[in-house]
Each structure stands twice: as C-alpha cells, then as structure tokens.
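Novice: Chain by chain, the residues:
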Amino acid sequence: MKNTLFIIVYFIGICCSAQNDSLVNRLDLVVIQADKKLDKHSSGYKISRLSDSVIVRNMESFANLLRFNAPIYLREYGSGGTSSASFRGTSASNTAVIWNGININSINNGQTGFNALTVNLFDAIDVRSGGGSLEYGSGAIGGTIHLNDNLEFSANRQIRNQAIVSVGSYETYRGIYKLKISNDKLALNAGVSYNQSANDYPWLGTDFKNINGAYENLGININGAFLINDVSKLKFYSTNYWGERFFSGELPNPTSANDKYQDFNHRNLLIYTNDQNRFNHEAKFAFLSQEYRYFEDKSLDIYSFGSSKRYLVNYNVSYVLTDLNASISSYSEYESAFGKTDRIAKKNRRQFSQSFIYDQNIKNTLFLDAKVRKDFNSDYEVPFTYALGVKVKTTQYVFVRANGSKNFRVPTYNDLFWPGQGNLDLEPETALQAEFGFGYKNNKFLIDIGTFYINAKDKIVWTPNGDPARPGIWVPINISEVNNKGVELVLNYKENFNKHVLQFDLNYSYTEAIDAATNKQVIFVPKHLANLNIGYNYKRFSVFYQQLFNGEVYTTESNSNDFVVPHYFVSNIGGDYTLLNSTKQLLKIGIKVNNLFNENYVVQPRRPMPNRNFNLNINYKF
Amino acid sequence: MKINKLISKAFILSVLFLASCSDDDSPQLPKGAYENGILVSGEGSGAGTGSISFISNDLTESENLIYKKVNSVELGIYLQSIAFDNDNAYIIVDNANTIAVVDRYTFEYKNEVVTDLSTPRFMTIVGDKGYVTNWGSTSDETDDFVAVVDLLTFSVEKTISVGNGPERIISRDGKLYVSHKGAFTNNDIISVITLSNDNVEEVTVKDRPDELFFNNSGDLVVLSEGRTLYDTDWNVTGNTLGSISTIDVTSLNVDTELNFADGEHPSLMVIDGSTIYYALGNDIFAMDANATTLPASSVLTAEGYLYGMEVNNNRIYATNASFTDVSTLNIYDLETGSKLDSKSVALGAAKIYFN
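Residue numbers (our numbering), protein chains in the order written: chain L, 1 to 622; chain C, 1 to 355.
In short, the hints are calculated from the structure, not lab data. Don't take every hint at face value.
Cut-off 20 Å, straight-line C-alpha distance, at most; resulting in silico cross-link-like pairs (EDC-like, lysine to aspartate or glutamate) [unchecked claim]: (1) C:Lys339 / C:Asp58; (2) L:Lys340 / C:Asp231; (3) C:Lys110 / L:Asp207; (4) L:Lys346 / C:Asp58; (5) L:Lys391 / L:Glu381.
Please build the complete structure, drawing on both the sequences and the hints.
Specialist: Printed below as a string of structure tokens:
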C-alpha cells in the first residue's frame with residue numbers, strides 16, 4: 001500500500017516548492033543587488049516577488065510565469081507567439097520591464113515582448129503594481145516588472161553550480177546551467193539557457209496542429225561584483241539573447257502561416273558604488289542594443305527590421321539624515337538612443353532626467369517615500385511627475401498603505417516617425433493614480449486588500465482620419481481618456497507542522513477600465529482575473545497546483561457580445577522528489593502536467609492554446 | 001452530419017429543380033433567408049473576425065455575422081471580397097489564404113479552397129472556372145499570380161503569372177482585365193489575359209489603379225488613385241496624379257484620361273447605368289460615363305470613414321467603417337442627398353453586394 005501511494009505521488013508529480021533552497025540558506029552570504037531602488041523606495045506599494053523556485057515551475061515562457069503567478073493579464077498570439085502584459089486595465093505599453101534597474105521596453109513600439117526574452121536565468125523577478133516607479137521612466141504607469149541578478153560575496157571561497165534540464169511534449173527541450181563563484185571580495189555569476197520546441201500541439205476541437213509555431217533561443221548572462229575596498233564596489237552585468245520563432249496561424253486556415261521572427265538583445269551595465277556613512281554614490285554606464293527581424297515569408301531572406309542602440313549614464317547620490325532616520329537621494333540620468341527600422345531612417349532621441357527621492361522611517365511605524373522627476377527630451381515636452389507612498393503599521397501585524405502618483409509614457413518611434421503616418425505633434429500620455437490598501441501580516445499569513453483608481457489622459461490611439469490633412473490615413477493621436485478602478489486581493493498562507501509544509505498564494509483582481517468617450521470597458525481588459533498556487537511539501541516530496549481564471553474580455557469598443565474572448569480556467573500540476581540532499585549536492589527530479597483538464601481555450605481569437613501536455617525535469621545543484 | 005448535408009443539398013436541388021420547372025405563374029419559392037437583400041462584407045481586424053451582414057431590400061431586417069450564425073465558425077481575417085455565380089458565393093479571406101464556398105442564399109457552407117492561394121484578393125467567374133488575383137508573398141514583388149480555380153472540384157488547377165500587386169479582376173469576351181494597385185508598394189498597369197492561351201498583355205495607366213468596369217460603349221474604365229511621394233525621411237515631397245482612364249479593349253490604347261488635381265486621391269469608383277460615382281475623401285461625386293471633365297461639386301458628403309460604396313436604385317450605400325468595432329452602413333437618397341437609414345454592419349465594412 002505504501003508503495004502504491006509512493007508511485008501515485010511520484011507520478012502525479014511532486015515538487016521543490018516549499019523546500020526553499022536549503023543549501024543556500026546555510027551559507028553566510030552578502031547579497032548584492034544591481035538595483036537597490038526598488039526595495040528602498042516602495043513604501044505603500046504592492047510587490048510580489050517570484051523567487052527562483054517559482055521561476056523554475058513555469059520555465060515554459062515568461063508569459064506563463066507571469067500569468068500563473070502575478071496579478072497581470074497576458075495577451076498571447078498562440079503559445080509562444082507575440083505576447084504583452086498589462087496591469088490594472090492599462091495598456092501593454094504602460095508596463096515597463098526593468099532589467100537590473102534599467103527600463104528595457106523597446107523604443108520602437110514601447111513594449112516588451114514577453115516571449116522574446118527568457119527569464120529562467122534571473123535570480124528573482126519582482127512585480128510591482130502601480131505608478132510609483134518614477135525613477136524607471138516612461139511607461140511605468142500600470143506597473144513595473146523587475147528582472148534581477150543577485151550577486152553574493154561569501155566569507156569562504158565557493159563554487160556553486162546548478163543545472164536544470166527538462167523534456168516536454170511537442171519536442172520541447174530546455175537546459176539551464178548557472179555557475180556562481182564567490183569569495184569575500186569577488187562574486188561572479190555565469191548562466192546559459194537554451195530552449196527549443198516544435199510547439200506543434202494539436203488544436204482542440206479541430207483537425208489542425210499549431211503549425212509554424214516552433215521556437216529556439218539561447219541566452220547567456222555574465223555578472224560580476226568586485227569589492228575594491230570597504231566602501232566601494234564595482235559591478236557589471238551582461239545579458240545576451242538570440243531567439244528565433246515562427247508565428248503560428250489562426251483558424252480557419254492555420255496552414256497559411258509562414259512568418260518567422262528573430263530577436264537579438266545585448267545589454268551591458270557597469271556600476272560603481274561608494275557607500276560612506278552618510279553619503280552613498282553610485283555611477284552607472286549602460287549600453288543596450290536590440291534588434292528584431294520579421295520575415296513575412298520564412299523561405300525568403302527578405303525581412304523588415306527594427307533596431308536600437310541606447311547609451312545611458314547615470315549618477316545617483318543619497319545622503320542619510322541619521323537623526324530623522326531618513327534619506328534624500330538624487331538620480332540624474334542622461335540617455336542617448338538611436339533607433340531605426342527598415343522604414344524609418346535612424347533617429348536620435350536624447351533625454352536628461354532628474355529625480356529626487358525622500359524616504360523616512362518614523363519609529364518603525366510610518367514609512368514614507370516622496371519622489372519628483374523632471375525630464376528634458378529632444379522630441380517633446382515631458383511633464384513634471386511625482387509620487388508619494390506611505391505605509392503605516394498600526395499594530396505589529398496590521399498595516400495600511402497608500403500611494404498616489406503622476407506618470408507618463410512617451411510616444412514611441414513608430415508613433416512619431418512611421419512613414420507617412422507618424423505624428424510629430426504627439427504629446428506623452430499622462431496618468432494620475434491613487435491606491436489605498438490595508439492588510440494583516442504575521443509569520444504565516446498575509447492578506448492585503450487594495451483599491452486603485454487611475455485616470456489616464458491623452459492616450460495615443462491610431463485612428464483613420466486622425467489628421468484632417470491626411471484623409472483615410474491611420475495616424476496616432478492623443479485622444480482617449482480612460483478611468484480605471486478596481487479591487488485587488490492578495491492572500492498568502494504558509495503552515496509548517498511536523499515536516500509538512502503547506503503554502504497557499506492567491507491573487508484576485510476586479511478591474512473596470514472605462515473609456516470616457518464611450519463609457520464602455522476598454523478592449524482586452526478582463527474584469528475578473530485570479531491565480532492560485534498551492535504547494536505542499538513533506539520531507540523529500542513536494543507537489544504544487546496552479547490555477548488560473550481569466551475572465552471574459554471584449555474585443556470591440558462597443559463591448560459587442562458578438563466579439564469576445566470567453567473566460568478560461570487553466571490548471572497545472574507538478575511536483576518533485578529530492579533524490580539527494582547534502583551540504584554539497586541537491587538533486588531533484590520533477591514532472592509537470594500543464595493544462596491538466598485539457599481545457600480548450602484561446603487568449604486571442606481563433607488561436608487555440610496548448611492542450612494537456614507533460615514535462616519531465618531534473619534540477620541539480622552542486 | 002454529412003448525411004444531413006446531403007439531405008439539405010438534395011432538398012435545395014429539388015427546390016431549385018421544382019422552381020425551374022414550374023410554370024411562370026406559380027409562386028416562386030424563397031431560395032434562402034439571404035435572398036432579396038444587401039450583403040455587406042467586413043474585413044475584420046484584431047478586434048474581431050471578418051464577417052458578412054445582411055440587410056433586406058426594404059431595410060426592415062438586418063443581421064450581422066450571417067456566416068458564423070449559419071456555420072458556427074468564423075471566417076478569419078481579412079475578408080477581402082466576395083464573388084458570386086448563380087448558386088454560390090465565394091468568400092475570399094486573404095490572410096487565411098482561403099476561399100469559403102457557400103450557398104449564396106442560405107450561406108450554408110459547401111466547400112473551401114485552402115491550398116495554392118497566397119494572399120488572394122478578388123475573383124471573377126467564367127463558366128465553371130474562378131480567376132483569383134493573388135499577391136503571393138508580399139515581400140516578393142515577382143511572385144504574383146492569377147489562380148485558376150476549378151469550381152467543380154474547388155481546387156487550383158493552374159496559375160498565371162502577372163505583375164506586382166494584382167487587385168480587381170473582371171472578364172469579358174474571353175479575356176480577363178486585372179488592375180495592379182501594387183499590393184504593399186505601387187504599380188500602374190492593367191493586365192489583359194487571353195483565356196485561350198494565358199497570354200498576358202499590359203496597359204500602363206496612372207499610379208495605383210483599383211476599380212475597373214466596362215461602360216455602355218464597351219470600353220474599360222479604370223480608376224487610378226495616384227500616389228503620395230516621399231523622400232528618404234518619409235517627408236511628403238509631392239504626388240502623382242489620380243485619374244479615370246478609358247481604355248479601348250481592342251487596341252489597348254488609353255483613349256481618355258480625366259486627371260485629378262495634384263494631391264487629390266480618388267477612390268471607390270462604381271458605375272450605375274451610365275453614371276460613374278467616385279469618392280474624394282468623404283465627398284461622393286457623380287459624372288456621366290462619357291463626360292470629358294470631372295464634376296466640380298459633390299452629390300453628397302458621407303459620414304465617418306468612407307471605406308465602401310455602391311449605388312443602386314437611386315440609393316447610395318456608403319460604409320462608415322470601424323476597425324475597432326462594428327461599422328455603420330449609411331443609405332442615402334441619390335436625388336436629395338438625404339440619409340434614408342443607417343444599419344450596424346460588419347467590423348471593417350468594406351464591400352457591398354446586392355443579392
């Protein structure tokens with residue numbers, strides 16, 4: 001009987017979830033982050049942190065990782081296709097992706113493609129809702145997603161390795177290798193990630209497969225930190241990505257799909273920090289390049305492209321006011337960006353921005369953060385922006401948080417310069433928002449209930465006849481005004497009893513995003529969105545269950561019931577078994593079943609998503 | 001399912017047979033729910049599928065998404081045009097490389113052509129063959145063709161290679177006439193294809209020829225939109241002329257060209273009787289087919305985004321197209337220019353047909 005149970009549990013799948021990297025916890029480490037701003041300046045905001053053990057559960061794509069773990073709505077043109085993310089009913093270009101403190105949204109379209117980068121190599125991903133992220137610049141209206149590499153100095157010399165390999169349905173193969181070398185002065189991380197998949201899953205309810213959906217990508221990250229002396233450090237971060245994807249078609253005739261897409265991204269960052277008693281200095285230099293190539297016909301070597309190069313210089317200084325338990329910081333940044341596409345000649349945009357941040361901790365009861373930012377841009381006027389966040393701990397367990405901010409999004413290169421259609425008179429979109437939340441937190445349980453309001457003005461919309469001088473031509477104009485309001489709930493619970501560990505994480509949100517002109521819900525904004533993760537761990541076994549509920553979305557402005565994407569429930573289950581667990585080695589073998597109940601669903605009309613599929617993985621740390 | 005279809009087919013055939021055999025004075029049986037009305041096809045967009053709307057001739061009834069309602073599937077994007085023969089409607093969806101074949105009066109699915117098409121645009125029918133213009137790969141200007149579809153087997157039996165960006169296609173007296181608007185670039189030719197030997201001749205007209213038809217004298221009339229010229233930084237540097245050209249189909253000479261003013265780009269030309277109608281922006285103009293000058297003033301100004309137009313029985317039908325929502329069909333009285341009615345129609349409403 002015991003054996004039967006063993007086999008059932010084993011094959012249903014068990015995982016690493018709650019068994020948080022025991023290996024790491026025993027070591028005496030000093031963690032160095034590239035970006036200290038987030039932790040320091042987020043009083044009053046909601047942040048969910050996806051640790052590496054969470055990332056490992058949804059290695060299939062960045063889109064899926066966020067869909068099942070973060071309070072965000074993901075659009076995806078078929079599994080592995082073009083994907084975008086939005087917070088709280090704002091648009092995809094209102095979601096900023098921040099790599100080690102630097103905004104990496106494309107200057108061509110203002111967005112990040114969530115299937116155009118792999119995140120499996122990052123040590124942690126933070127998802128911050130709301131518009132308080134002024135210091136990250138344009139687009140951080142709905143929220144920010146932070147990709148972080150953590151470097152660690154150790155008292156003794158250490159070499160740690162981690163390898164993950166996985167094999168899944170539809171000829172899907174993934175491999176990750178991470179190396180971390182450290183001593184008390186030096187920390188070096190290197191990682192390689194490789195993914196490939198035929199991705200030709202059958203389309204439920206049809207005779208078709210996901211034709212032309214294959215993908216392959218390679219990522220290499222190298223990061224290092226060097227302790228120059230007691231007060232100064234030099235850090236560098238480099239990430240490189242090469243990806244090729246084919247774009248699958250849609251019903252009724254997916255065989256017509258014939259496109260191919262390639263991405264090449266290279267990001268390099270050098271940081272010098274000098275931390276004195278009261279003064280902290282930080283200087284950053286970054287060079288980022290990004291290129292896509294779109295092949296309308298994969299059999300031809302003819303493509304359209306967009307590419308950009310960005311140079312950034314950044315100087316931050318903060319001064320600690322010891323008496324007040326406060327600090328005041330200044331962030332100055334100069335950026336020069338060069339962008340071009342096959343249809344837009346090279347354009348240079350230069351921008352200088354200056355922010356000041358004041359934060360204070362009053363008797364460990366009231367935490368506050370005040371920020372102001374002004375940008376000077378070579379292309380247009382950028383408004384003065386500001387944010388204020390406050391958190392009050394009324395008792396040891398109960399807290400109240402509130403924040404408000406003004407944010408902006410600059411027009412993209414496409415908006416400004418698209419041949420014959422761009423509009424040089426565009427102004428940045430701006431948004432005013434406020435959020436109020438309260439909650440309870442002890443060492444087992446967290447509940448956070450929040451409500452938000454966002455008023456976004458001058459939203460850039462492409463409209464035919466947008467410019468009377470160009471009849472019939474689609475032109476972007478500053479036109480729409482949208483009011484978003486909603487309620488969000490976060491519930492985390494963790495229980496330990498005799499070696500049993502149970503963990504429960506829930507996100508739910510209700511969102512109304514109402515277009516002020518039509519008084520209707522904005523398209524592709526689900527009113528209801530929920531995800532749930534349950535993990536259970538006993539000794540060497542662990543199992544997890546993921547549930548997503550994505551409410552119906554309208555696809556037309558009038559909210560016609562003839563044009564909707566129906567709601568969907570999708571469940572995954574997985575788990576693992578620890579074969580080896582010593583101070584030197586940790587070896588786990590796991591399996592995962594995606595879309596457990598074989599739900600036939602679409603995220604975009606006429607593009608069925610994967611049916612039930614399987615994945616076997618081995619995770620080895622040594 | 002198949003048996004049901006067979007039965008319904010047999011029923012339709014028997015009805016047709018009975019109808020055709022019956023005496024003239026016996027009552028005509030209705031051929032389907034979508035007879036005696038106006039069909040409006042919409043291209044669709046990211047906001048929703050391409051679709052077809054039906055409006056009864058007396059304007060009392062209208063219905064959207066008729067193909068989806070009858071067949072429970074969507075047509076996809078972008079629905080470019082519909083061709084008709086006596087029994088069938090052939091619905092051409094360019095991104096899907098598909099021609100869906102339905103009964104033109106019931107809209108019941110009959111068959112489809114899904115292979116050997118590459119961005120199909122328009123079709124004309126001669127006997128039991130359909131001739132379909134195809135852009136081919138839009139990144140290749142040399143692979144464009146006319147597909148010859150066998151309408152008995154619903155398969156492409158051969159292709160005829162033509163110049164870049166073939167658009168509208170019409171036929172007369174054993175020849176096909178194809179306007180080459182130029183797909184995603186520009187072109188300025190009319191292809192004349194002899195059906196007996198697939199020989200292709202070209203006539204050069206003004207830039208971006210689109211609508212074409214025969215006038216009462218048997219001459220080919222072509223509307224060229226003209227194009228906007230840009231420098232390498234995409235600043236507008238000028239325009240080429242739009243024009244209504246009349247071509248003698250025997251000599252293939254351009255007999256007359258009525259040129260528009262510099263910067264005017266006409267579109268949506270149709271003919272009703274001996275009157276030609278076209279649009280400049282939202283203004284709709286009318287002129288006699290034999291006129292030697294362009295009219296100075298418009299007959300009416302259409303509302304919104306004028307994207308499709310037809311004229312019939314003293315009415316002008318004009319779509320105010322939305323690509324983010326359902327569109328509107330406005331129906332105007334030709335005599336007075338006043339709006340008689342408006343109907344909610346297909347998303348991206350582009351083409352109007354009388355069924």
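Novice: Between the alpha carbons of Lys391 (chain L) and Glu381 (chain L), is the straight-line distance 20 Å or under?
Specialist: violated, 33 Å
Novice: For Lys110 (chain C) and Asp207 (chain L), compute the direct alpha-carbon distance and say whether it is at most 20 Å.
Specialist: Holds. Lys110 (chain C) to Asp207 (chain L) sits at ~18 Å (cutoff 20 Å).
Novice: Please verify whether Lys346 (chain L) and Asp58 (chain C) have alpha carbons no more than 20 Å apart.
Specialist: The hint is violated at about 56 Å.
Novice: Would you mind confirming whether the straight-line C-alpha gap from Lys339 (chain C) to Asp58 (chain C) stays at or under 20 Å?
Specialist: Roughly 15 Å separates the two Cα atoms, so the pair holds.
Novice: Is the hinted pair Lys340 (chain L) and Asp231 (chain C) satisfied, with a Cα-Cα distance of at most 20 Å?
Specialist: At roughly 16 Å apart (the allowed maximum being 20 Å), Asp231 (chain C) and Lys340 (chain L) satisfy the hint.
Comparing the model with each numbered hint stated earlier shows that hints 4, 5 do not hold.
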